[in-house]
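Colleague: In case you want the letters, here they are:
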Amino acid sequence: DAGVIQSPRHEVTEMGQEVTLRCKPISGHNSLFWYRQTMMRGLELLIYFNNNVPIDDSGMPEDRFSAKMPNASFSTLKIQPSEPRDSAVYFCASSPGQGWDEQFFGPGTRLTVL
Amino acid sequence: AQSVTQLDSQVPVFEEAPVELRCNYSSSVSVYLFWYVQYPNQGLQLLLKYLSGSTLVKGINGFEAEFNKSQTSFHLRKPSVHISDTAEYFCAVSDRGNTGKLIFGQGTTLQVKP
Chain A
1 DAGVIQSPRH EVTEMGQEVT LRCKPISGHN SLFWYRQTMM RGLELLIYFN
51 NNVPIDDSGM PEDRFSAKMP NASFSTLKIQ PSEPRDSAVY FCASSPGQGW
101 DEQFFGPGTR LTVL
Chain B
1 AQSVTQLDSQ VPVFEEAPVE LRCNYSSSVS VYLFWYVQYP NQGLQLLLKY
51 LSGSTLVKGI NGFEAEFNKS QTSFHLRKPS VHISDTAEYF CAVSDRGNTG
101 KLIFGQGTTL QVKP
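Chains as they are written, first to last, in the working numbering: chain A, 1 to 114; chain B, 1 to 114.
Calculated directly from the structure, the hints in this document are not laboratory data.
We treat Cβ as the ideally placed atom computed from N, Cα and C, and that holds for glycine.
Mixed in with the good hints, there may be bad ones.
[Claimed, not checked] Cβ-to-Cβ under 10 Å is the rule here; a few derived chain A residues that face chain B:
id: 1; residue: Phe49
id: 2; residue: Phe65
id: 3; residue: Phe74
id: 4; residue: Val89
Please take these sequences and the hints and turn them into a complete structure.
Modeller: Written out as structure tokens, the structure is:
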């Protein structure tokens with residue numbers, strides 16, 4: 001298996017633009033997690049899905065952020081409009097879904113909003 | 001609810017010296033515990049995990065951790081570190097649900113000096 005795939009790996013955009021980050025989880029995994037990592041705030045869980053259904057989105061910072069999982073093999077995280085403070089590394093992770101299972105992380109998307 | 005505290009944000013150590021990274025957790029139920037490592041510009045990857053049984057858990061790259069229920073700790077140790085161990089280390093606890101959600105600590109940066 002190729003592992004968790006994220007695209008793009010790097011994104012540079014201007015304030016006010018829409019940004020869409022993409023994630024393909026490991027086949028057969030039931031849970032998918034979106035994280036944000038910054039120097040100031042560390043690793044933050046934004047939202048997670050189980051069987052394509054959003055379970056907890058309490059970590060989503062604002063209404064500007066939205067996430068979807070239309071099927072078991074694809075998820076998106078959208079920021080509209082983007083702001084400089086959204087600059088961070090965004091990670092997607094997937095898990096088989098049981099409490100004892102590890103999460104498998106993608107390589108991350110480094111977002112820079114100018 | 002569970003929580004995780006990593007007591008040191010940075011740990012500098014010389015090459016070939018022993019190291020201990022400290023982790024304490026809080027939970028009202030029995031727990032599953034994990035240590036992840038993040039090398040520069042990469043996603044997190046699993047070092048080791050404790051589910052049950054022997055309280056001493058061995059992981060990859062010569063790391064081990066000991067679960068101490070009475071002290072609610074899960075400290076990570078390595079008897080002799082290498083330059084290549086320079087990375088950020090995260091302790092995590094499972095929320096024991098059926099989604100695979102993990103609660104991560106703030107991370108500890110291990111800096112191995114020659």
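Colleague: Give a verdict on every hint.
Modeller: Hint-by-hint comparison with the structure:
A cut of 10 Å between beta carbons decides the hint on phenylalanine 49 of chain A: the least distance to chain B is about 9 Å, and the hint holds. Checking phenylalanine 65 of chain A against chain B: minimum C-beta separation of about 19 Å lies over 10 Å; hint violated. For phenylalanine 74 of chain A, the shortest C-beta to C-beta distance to chain B is roughly 18 Å, which exceeds 10 Å, and the interface hint is violated. Restraint check, valine 89 of chain A versus chain B: the minimum CB separation of about 9 Å is within 10 Å; hint holds.
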